[in-house]
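> The primary structure of each chain is shown beneath.
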Amino acid sequence: MSTDSPTTDFPAADAAALPPLDTAPATLVALARDAGYRGAPGPLAETLLVARPLLAAAGLAVPDGPLTVASGPLEVRFAHVDTGSRVGPRGAAGTDDALRVSGTLRRVPWARSADAAAVLTEGPHGGPVLLVLEAAEWRQTPGANLAGEPRDALVLLDVAVPAERVRRVPAGLVREAAWRSGLARAALIAGAARRCVELTVAHTASRRQFGRPLSGFQAVKQEEAKLVEEAALVAASVEAAASALATPESAEFPAWIAAAQATASVAEITRIAHQLHGAIGFTELSPLHLATTRMWSWRDEDGGERSWQQRIGRYVLDGDGDRLWPSVTGG
Amino acid sequence: MSFSALDFRAVHLPPSVGQLRQEVRAFLAAERAAGTVLGRPDSWLTGWDPEFSRRLAQRGWVGMTLPRAYGGGGRSTLERHVVLEELLAAGAPVSAHWVADRQAGPTILRHGTEAQRNRFLPRIAAGTCFFSIGMSEKESGSDLASVRTRAERTADGWRLTGTKMWTGGAHVNDHAIVLARTEDAADRHAGLSQFLVDLRDPRVHVEPIRLLSGEHTFNSCRLDGVELADDALLGRPGEGWQQVTGELALERGGPERFLSTLPLLTALVAEVRRAGGGGPEQEARVGRLTARLASLRQLSLGVAAASAAGRPADVQAALVKDLGTRFEGDLVNEVREILPTAARSDATPGSFPELLATAILHAPGYTLRGGTNEILRGIITRGLELSR
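Quick mapping for you: the protein sequence lines, in order, are chains A and B.
Under the working numbering, the first residue of the first sequence carries the number 1, and numbering increases by one thereafter.
Under the working numbering, the first residue of the second sequence carries the number 332, and numbering increases by one thereafter.
Treat the hints as calculated values from the structure; they're not laboratory data.
A few of these clues could be false.
[Unchecked claim] Among the chain B residues that face chain A by a calculated CB cut under 10 Å, a handful are:
| id | residue |
| --- | --- |
| 1 | Ala336 |
| 2 | Leu337 |
| 3 | Asp338 |
| 4 | Phe339 |
| 5 | His343 |
| 6 | Val368 |
| 7 | Ala420 |
| 8 | Thr597 |
| 9 | Ala615 |
| 10 | Thr621 |
| 11 | Arg623 |
| 12 | Gln629 |
| 13 | Leu632 |
| 14 | Val651 |
| 15 | Arg708 |
[As the list claims (entries may be wrong)] Chain A residues, not near chain B, derived (Cβ > 12 Å throughout):
| id | residue |
| --- | --- |
| 16 | Asp22 |
| 17 | Thr23 |
| 18 | Pro41 |
| 19 | Leu60 |
| 20 | Ala79 |
| 21 | Asp96 |
| 22 | Glu122 |
| 23 | Gln140 |
| 24 | Ala171 |
| 25 | Val201 |
| 26 | Leu227 |
| 27 | Ala232 |
| 28 | Ala244 |
| 29 | Ala262 |
[Claimed, not checked] Under 8 Å between C-beta atoms, here's a sample of chain A residues computed to sit facing chain B:
| id | residue |
| --- | --- |
| 30 | Lys221 |
| 31 | Gln222 |
| 32 | Ala236 |
| 33 | Ala240 |
| 34 | Ala242 |
| 35 | Ala264 |
| 36 | Arg306 |
| 37 | Gln309 |
| 38 | Ile312 |
| 39 | Asp322 |
| 40 | Val328 |
All C-beta atoms in this analysis are idealised placements derived from N, C-alpha and C, irrespective of residue type, glycine included.
When you get a sec, could you build the whole thing from the sequences and use the hints?
Here is the structure:
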């Protein structure tokens with residue numbers, strides 16, 4: 001499988017190519033799908049569907065260029081400890097929210113192409129904080145996913161983050177970060193799934209064996225139909241979640257559904273696409289691997305299908321009364 | 332390349348539809364309280380309760396999309412879709428009026444004469460006139476154009492001879508729309524016509540064909556020289572194939588193609604909750620089914636929206652039916668994994684082992700009825716060829 005980094009082949013996304021901040025949410029999802037379809041380099045889905053809306057929701061200034069997102073435990077201290085505070089142990093309060101941050105954030109998407117990162121971590125006050133790190137403030141160790149897309153480690157050595165780039169955030173925003181990441185990944189998968197369908201249909205129509213195109217064989221038709229169906233299922237779940245973004249208070253469950261369905265469908269879509277491509281699809285001679293290796297990575301990167309399924313199942317099995325059908329119909 | 336199947340547009344249900352949904356739920360809650368049997372899998376096929384059909388009709392929920400001038404509700408396709416999905420999700424006994432509402436009504440509206448419309452549509456919408464489908468025969472299953480039932484011209488009408496098979500509800504329904512050959516033609520899709528047949532006619536001989544569960548829903552229906560008046564012809568002679576194809580689109584894309592076994596999952600959720608909640612494995616499996624259910628529902632809404640907008644939806648309908656009916660069977664297998672239970676038809680009716688038995692015994696039908704899935708996949712790949 002290819003391990004070439006696409007950054008060597010394509011220019012990374014630049015600020016000029018990014019849509020304005022007030023773009024309709026459904027359009028942002030469509031752009032992420034298109035990025036998934038093209039295997040576009042750069043953190044486009046992360047910028048549009050995760051980092052920007054989270055920063056805006058927290059009341060932080062949104063930097064202009066491409067943004068990445070990260071979360072995880074870090075060593076975080078108040079930069080200006082309030083020595084007069086009687087709240088908690090020494091260091092548990094600051095005269096302002098400026099922080100000093102050390103530690104490592106692992107497998108951050110496209111960190112090397114991002115101008116800044118939106119980082120969720122535990123603050124020194126004992127609750128979640130969202131902060132903005134600028135690219136100059138981290139050192140990165142290169143890493144890559146199965147498709148060769150950058151997944152870099154960010155090393156932070158006592159970085160001073162001014163208070164205007166820090167916000168204490170409610171638990172709801174941490175949840176929002178999770179479902180937004182899941183939806184972004186689902187949109188990318190939906191785009192790549194479409195690419196799998198197009199490449200497969202083109203291949204079975206042009207490749208001839210036993211004197212006729214592969215697409216003329218009943219056994220091939222049966223599998224090809226199932227491929228289209230599974231991709232259509234992913235598209236429907238992602239579009240439904242995209243349309244739900246218009247009312248953010250009811251956007252979470254549809255985003256879980258899209259994330260669970262897209263990640264779960266990767267196995268069937270990639271299996272059929274490869275099977276119908278034959279040997280060439282298993283090599284770098286065919287562009288199919290550009291879609292399938294991404295899909296195999298993307299399904300894992302925000303927790304994997306099992307974590308989405310458990311989230312949904314827990315919701316359905318908890319609470320009073322029958323939640324199954326009402327949750328599916330949105331009330 | 333353009334793949335209509337992947338160009339899904341999210342369907343926005345207007346707030347009035349949300350209110351309608353709550354009305355249906357309130358109605359169902361009252362029915363449940365009054366002892367109507369709900370919560371059964373495959374109830375659109377076997378839940379035969381004409382009184383329930385009439386009560387639905389009184390609410391305006393049968394023949395909803397038929398024009399008011401013919402006694403219908405003049406409601407939208409999406410409004411009807413929402414009522415149907417609520418009834419199916421609740422496992423309500425809707426089989427008596429199902430075919431009349433789904434295909435006989437719209438077919439008569441589209442192809443019938445003014446007299447035929449006035450004769451049938453008000454009764455269909457009132458829930459007092461029930462229909463069977465007269466398409467399949469012993470030698471004509473998926474290959475419908477090969478039907479052997481013949482209609483011959485007589486002095487004042489037609490004489491119908493042949494045997495229809497797998498005719499659901501013919502022993503309890505009032506009429507059937509029968510597909511018959513009226514002319515031998517080089518093109519096998521030509522020379523077919525549709526007829527409105529009274530199932531109580533003495534020359535219609537209905538014999539039960541019991542399902543493997545022993546249930547009686549299917550019949551063979553021998554048409555022993557049934558004399559029909561001229562006005563029994565539905566639509567134009569020789570155009571039966573085109574008419575039937577339109578009917579099949581109505582038959583394939585609806586919510587009954589993925590919701591047949593949902594009542595079993597609802598019962599499972601209740602069982603797991605009663606036992607104090609699920610472990611991580613049970614949660615994941617329930618979550619997987621829920622995600623697929625919700626995604627399929629979006630696709631099915633898409634079919635309803637497309638037909639409402641007059642866009643062709645035959646490929647989409649075939650797609651929903653293949654995915655949806657495979658899901659119906661998958662759900663049954665998963666439920667057995669989530670809560671290992673021995674299926675028992677002789678357990679208390681409505682108990683979990685009995686509902687499971689019903690869903691298992693009906694499972695072979697899910698991917699057969701309404702056109703076998705293997706044939707439907709051919710419709711999907713033909714759609715791909717056309718899009719190239």
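> Does each hint fit the structure? Answer for all of them.
Results of checking the hints against the structure:
The interface hint given for Ala336 (chain B) holds, since its Cβ lies 5 Å from the closest Cβ of chain A, which is under the 10 Å cut-off. Interface restraint check: Leu337 (chain B) against chain A, minimum CB-CB distance 5 Å, threshold 10 Å, status holds. Interface hint status for Asp338 (chain B): upheld, as the beta-carbon distance to the closest one in chain A is roughly 8 Å, under 10 Å. A cut of 10 Å between beta carbons decides the hint on Phe339 (chain B): the least distance to chain A is about 5 Å, and the hint holds.
Hint status for His343 (chain B): holds, given a least beta-carbon distance of 7 Å to chain A, under 10 Å. A distance limit of 10 Å between C-beta atoms decides the matter here; for Val368 (chain B) the minimum to chain A is near 17 Å, and the interface restraint is violated. Residue-level restraint check for Ala420 (chain B) holds (minimum Cβ-Cβ distance to chain A is 5 Å; threshold 10 Å). For the restraint placing Thr597 (chain B) at the interface with chain A, the shortest Cβ-Cβ distance is roughly 6 Å, inside the 10 Å limit, so the hint holds.
Residue-level restraint check for Ala615 (chain B) holds (minimum Cβ-Cβ distance to chain A is 4 Å; threshold 10 Å). Taking 10 Å as the C-beta cut-off, the interface hint given for Thr621 (chain B) holds, the closest approach to chain A being about 5 Å. Restraint check, Arg623 (chain B) versus chain A: the minimum CB separation of about 7 Å is within 10 Å; hint holds. Because the beta carbon of Gln629 (chain B) sits about 4 Å from the nearest beta carbon in chain A, less than 10 Å, this interface hint is met.
The interface hint given for Leu632 (chain B) holds, since its Cβ lies 9 Å from the closest Cβ of chain A, which is under the 10 Å cut-off. Restraint check, Val651 (chain B) versus chain A: the minimum CB separation of about 9 Å is within 10 Å; hint holds. Proximity of Arg708 (chain B) to chain A holds as hinted, the smallest CB-CB distance being about 3 Å (cut-off 10 Å). Non-interface call for Asp22 (chain A) relative to chain B: holds, since the shortest CB-CB distance, roughly 21 Å, exceeds 12 Å.
Every C-beta of chain B lies more than 12 Å from that of Thr23 (chain A), the closest at about 17 Å, which supports listing it as non-interface. Every Cβ of chain B is farther than 12 Å from the Cβ of Pro41 (chain A); the closest lies at roughly 23 Å, confirming the non-interface assignment. Every C-beta of chain B lies more than 12 Å from that of Leu60 (chain A), the closest at about 30 Å, which supports listing it as non-interface. The Cβ of Ala79 (chain A) lies farther than 12 Å from every Cβ of chain B, with a closest approach of about 41 Å, so its non-interface assignment holds.
Taking the minimum C-beta to C-beta distance to chain B, about 42 Å, the non-interface status of Asp96 (chain A) holds against the 12 Å cut. The beta carbon of Glu122 (chain A) is kept farther than 12 Å from every beta carbon of chain B, the shortest such distance being approximately 25 Å. With 12 Å as the threshold on Cβ separation, the claim that Gln140 (chain A) sits away from chain B holds: the shortest Cβ distance comes to roughly 35 Å. For Ala171 (chain A), the requirement that its beta carbon stay farther than 12 Å from each beta carbon of chain B is met, with the minimum near 21 Å.
Once the 12 Å rule is applied to beta carbons, Val201 (chain A) is inconsistent with being away from chain B; the minimum gap is 5 Å. Not every CB of chain B lies more than 12 Å from the CB of Leu227 (chain A), the least distance being 10 Å, so the non-interface label is violated. For Ala232 (chain A), the condition that its CB be more than 12 Å from all CB atoms of chain B is violated, with the nearest at approximately 5 Å. Not every C-beta of chain B lies more than 12 Å from that of Ala244 (chain A), the closest at about 8 Å, which undercuts listing it as non-interface.
Against the 12 Å criterion, Ala262 (chain A) falls within the reach of chain B, whose nearest CB is about 9 Å from its own CB. Interface hint status for Lys221 (chain A): upheld, as the beta-carbon distance to the closest one in chain B is roughly 4 Å, under 8 Å. Against a cut-off of 8 Å between C-beta atoms, the interface hint on Gln222 (chain A) holds, since the closest Cβ of chain B lies about 5 Å away. A hinted interface residue such as Ala236 (chain A) counts as satisfied when its beta carbon comes closer than 8 Å to some beta carbon of chain B; here the least separation is about 4 Å, so the hint holds.
Look at Ala240 (chain A): its Cβ gets to within about 5 Å of chain B, closer than 8 Å, so that hint holds up. With its C-beta approaching chain B no nearer than about 7 Å, Ala242 (chain A) sits inside the 8 Å limit, and its interface hint holds. Hint status for Ala264 (chain A) relative to chain B: holds, with the closest Cβ pair at about 6 Å, below 8 Å. Because the beta carbon of Arg306 (chain A) sits about 5 Å from the nearest beta carbon in chain B, less than 8 Å, this interface hint is met.
Look at Gln309 (chain A): its Cβ gets to within about 3 Å of chain B, closer than 8 Å, so that hint holds up. Nearest Cβ of chain B to the Cβ of Ile312 (chain A): about 4 Å, under the 8 Å cut. The hint holds. With its C-beta approaching chain B no nearer than about 6 Å, Asp322 (chain A) sits inside the 8 Å limit, and its interface hint holds. Interface restraint check for Val328 (chain A): the shortest CB-CB distance to chain B comes to about 5 Å, inside 8 Å, so the restraint holds.
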